[in-house]
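Participant: Here is what each chain is made of, one letter per residue.
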Amino acid sequence: MSYTLRGRIETRLAGALLPLFAAAIAAPLLHKWWPLELAGVMLAIGLTLDVLVYHRLLSYQPAWVALPLGLLELALTVAAARLLELGAPLRPAVLLFVATWLLTQLLAHGVLPLLRLTWPEDGGELGRTGLGLSAAAPIALLAVLGVAWAVEPPTVRLAAGVHEGPLVLDHAQTVVGEAGAVVRGGIQITADDVTLRNLTIRGGEYGIEVRDAESVEIDDVVVEAASLDGINARQSELHVHDCEIRSLPDAATQGIDISFASQLPPSVVEDCRVSGGSEGIVSHMANVLVRDNHVRATELRAIAVTEMSMGDVEDNLVEDALGVGIFCGDYSHCSIEDNRVTGMRPDPSGNPTRAGLGLVAHYGAIATVADNALERPPASFIGARIESP
Amino acid sequence: MAERVAIVGSGLAGFVAYTTLRHAGLDPAEITVFGDTADPAGAWRPRAAAIRQRLMRSESDGHCYPTSFPGLAAREAVRRRDLLPLVRSACDRYRPTVTEFLRHVEQLRERSRWDDSIVPRRIKKIQAVEGGFELDGYGAFRHVLVASGHPGLALPEELAADRRAVHAYEPHEYGAQVTVVGAGMAAATEWLNALAAGAEVVSVRRREPVRRPLNVARHLFTKRGLAGFYAASSERRVQLLHGFGEPSYPPGKAWDAPLERAAREGRFRVEQAVNGAEQVICATGFRRGFRHDPLLAGLVDEHGLQTEDRWIVLADDSSVAALTDRTRTLALAGVPGQWSFPASDTLIGMKVAARRFRRRVESCPTR
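Same order as they appear, the protein sequences are chains A and B.
Residues in the first sequence are numbered from 1 upward in steps of one, following the numbering used here.
Residues in the second sequence are numbered from 1001 upward in steps of one, following the numbering used here.
Because the hints were derived from the structure by calculation, they are not lab data.
C-beta atoms are modelled at their ideal positions from N, C-alpha and C, and glycine is treated no differently.
Hints may contain errors.
[Unchecked claim] One side of the interface only, derived from the structure: several residues of chain B facing chain A at Cβ under 10 Å: (1) T1067; (2) L1159; (3) R1163; (4) F1221.
[To be verified] Chain A residues, not near chain B, derived (Cβ > 10 Å throughout): (5) M1; (6) R82; (7) D122; (8) E224.
[Claimed, not checked] Just a few of them, taken from the derived set where beta-carbon distance is under 7 Å, the chain B residues facing chain A: (9) Y1065; (10) S1068; (11) H1219; (12) T1222; (13) K1223; (14) R1224; (15) R1287; (16) V1352; (17) R1355.
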């Protein structure tokens, strides 16, 4: 295909219509603006490349070239999303990009040539429809991004250095730390749509305490030396990504505790490193997804889904834990897959349920397990069941 | 009252125009096709057979469907439940077999009810009349598309009466010593054919062949390249068209390796003149220019149409401007339409002319 410049732009806009529409629906549902912002960034990068690069370099574009160009645009989009701090999680962002790319290919090679017979020889131009599209698209895009920008929670930047806490975040906002920013005394979150990013929190009873809040994002955060829990959430829904919980001073402390939120959508804990304490990651009466974490040197249980929780525990690494590695207890329902538990130590109490077991189902819980690497077989106690899928 | 639409020429260009008009909703009764034969591949088939062509030449997905998609590649992928045809098409490497192409033409012929519209007559004269065109006593038509095809095979004058000479597009076998005159795609094909048949081959050519994937650069298949072509002066356009017509064949090992091997074995060489070989194959293509086509020559002379060199000057939409207005259309498709679309003799070029003609028919206020 030899696109004209106008043809490239109009085809690009036609391909972006549906994803923009989907993003406009997804944004309010998720209480997040990143889908719209990301769709806007994707479109802006694509159009810029169309005008400045593709049109000049590619007088003819074989269909296969769309693949490397797509990869280039994906890399630029991810980089731009990071640079602009859109807060878009990687997997959904890549999914949105791939869906948009596939849709554009489908349009370019199937739908548009069918809808408009002369589309190929017109170099991708869409006639009067295309002109309308070209006129309406920037206006719509600017309007949407303008609204997003206007109503988006404010961003507070913490400079490098120590900030005395506790910080109380009682309205929607994004708190971003510059390199070396430390909050001493903990952070309390009591509002929806709060994002914490790139911070170290030192000391306090709870490093991060979340109460009655939804759509809370905690990303790239280090919590150290909290006297109770590293992250403690009650009746809340949060997404914890890329965190480190360390230097827990007391065997009664917990790394991440998410509890009493069974009526809320699942909370997610992923890519975190938790070291020491009584329990590494634990849920009570909550829906949780715990994946890709590294938990080590806990005194009670490394990962626990208990008290009628529902949880997926996937791809975690548990090392050097005392008693129990992964625990599904008290009428909880757990899906436990692809985890590795190693270096377990038996509890000196002699309690058979804590005999250095990698995976335990306890007291009426049902654990569905698959593809876990354990040093000893999983064990069930007091009416609990362990099933294979 | 003039009849609605006539297509003059029942070859592939006429067929593509017919399927395009049918796709626009015209009934077979509204279209009359004049031609020597009812088989749309009737002229093309023996030529392809003569040069032992097995695969379609174009790297693009050439077909006669009115829409670009789905073409033969997509249909083959669905039929075979195999993505390979699509991958090849995406890499401009999809080349269906001649057999598949002919089957496709046959199926489309039946489905489009082509035979319902055929009048097996050769039109010898087109006369502009009020509100349309009188076609050689077969009635008047508002919109006429002339797709008369190549005006005969070109034979070098000095070989026209030589009993050893045969045109590449005429049926022939290969002797022990074969001289191939020409340097284009047909000549290259004949070199390989004759070598494969065990012959010793002499290539006689006036210049070194141009090596390029297609005669016409790909960007000239769309508005992008055509904008510059249309903006060029008449002299420049003539110059460009002559360039596109230079003998050429694609680069690649598939062509070069057998020739190099044969040259090493002393079975292939290049000479400047026809020697005493027992067989001379003239891979010299077709006669070129409207003067070789009595119908077009008469049209030009009778109506004083503008011409440049060997081409009839056409509007950008392939119509003859002097004889076309809102109520009637005279347009050229296929080989004679090069002035408005340099690759008009390809299936894609035929489709472009057909779509432009269709647009004129659809926008006609007397519809």
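Participant: Beyond 10 Å from every Cβ of chain B: is that where the Cβ of D122/A lies?
Facilitator: Its Cβ does come within 10 Å of chain B, the nearest being 5 Å, so this is violated.
Participant: Next item in the hint list is F1221/B. Is there a CB on chain A closer than 10 Å to its CB?
Facilitator: holds (7 Å)
Participant: Classify the hint on L1159/B as holds or violated, based on whether any CB of chain A lies nearer than 10 Å to its CB.
Facilitator: violated (39 Å)
Participant: Let's test the interface hint: is any C-beta of chain A closer than 7 Å to that of R1287/B?
Facilitator: Check failed: Cβ of R1287/B comes no nearer than 28 Å to chain A, outside 7 Å.
Participant: Any Cβ of chain B at or closer than 10 Å to E224/A, or is the non-interface label fine?
Facilitator: holds (53 Å)
Participant: Regarding the hint that S1068/B lies at the interface with chain A, is the smallest CB-CB distance below 7 Å?
Facilitator: Hint holds; S1068/B Cβ to chain A Cβ min 4 Å, cut 7 Å.
Participant: Does H1219/B pass the interface hint, meaning its C-beta sits closer than 7 Å to a C-beta of chain A?
Facilitator: OK, holds: H1219/B within 7 Å of chain A, min 4 Å.
Participant: Min Cβ distance, T1222/B to chain A: is it shorter than 7 Å?
Facilitator: Where the cut-off is 7 Å and the nearest Cβ of chain A is about 4 Å from T1222/B, the hint holds.
Participant: Does R1163/B pass the interface check with chain A, least Cβ-Cβ distance below 10 Å?
Facilitator: Hint violated; R1163/B Cβ to chain A Cβ min 46 Å, cut 10 Å.
Participant: Holds or violated: V1352/B as interface residue toward chain A, Cβ cutoff 7 Å?
Facilitator: holds (5 Å)
Participant: Examine each Cβ of chain B, and state whether all of them lie more than 10 Å from the Cβ of R82/A.
Facilitator: holds (32 Å)
Participant: May I ask you to check that M1/A keeps its beta-carbon over 10 Å from the closest beta-carbon of chain B?
Facilitator: violated (7 Å)
In this structure, the earlier hints numbered 2, 3, 5, 7, 9, 15 are contradicted, and the remaining ones agree with it.
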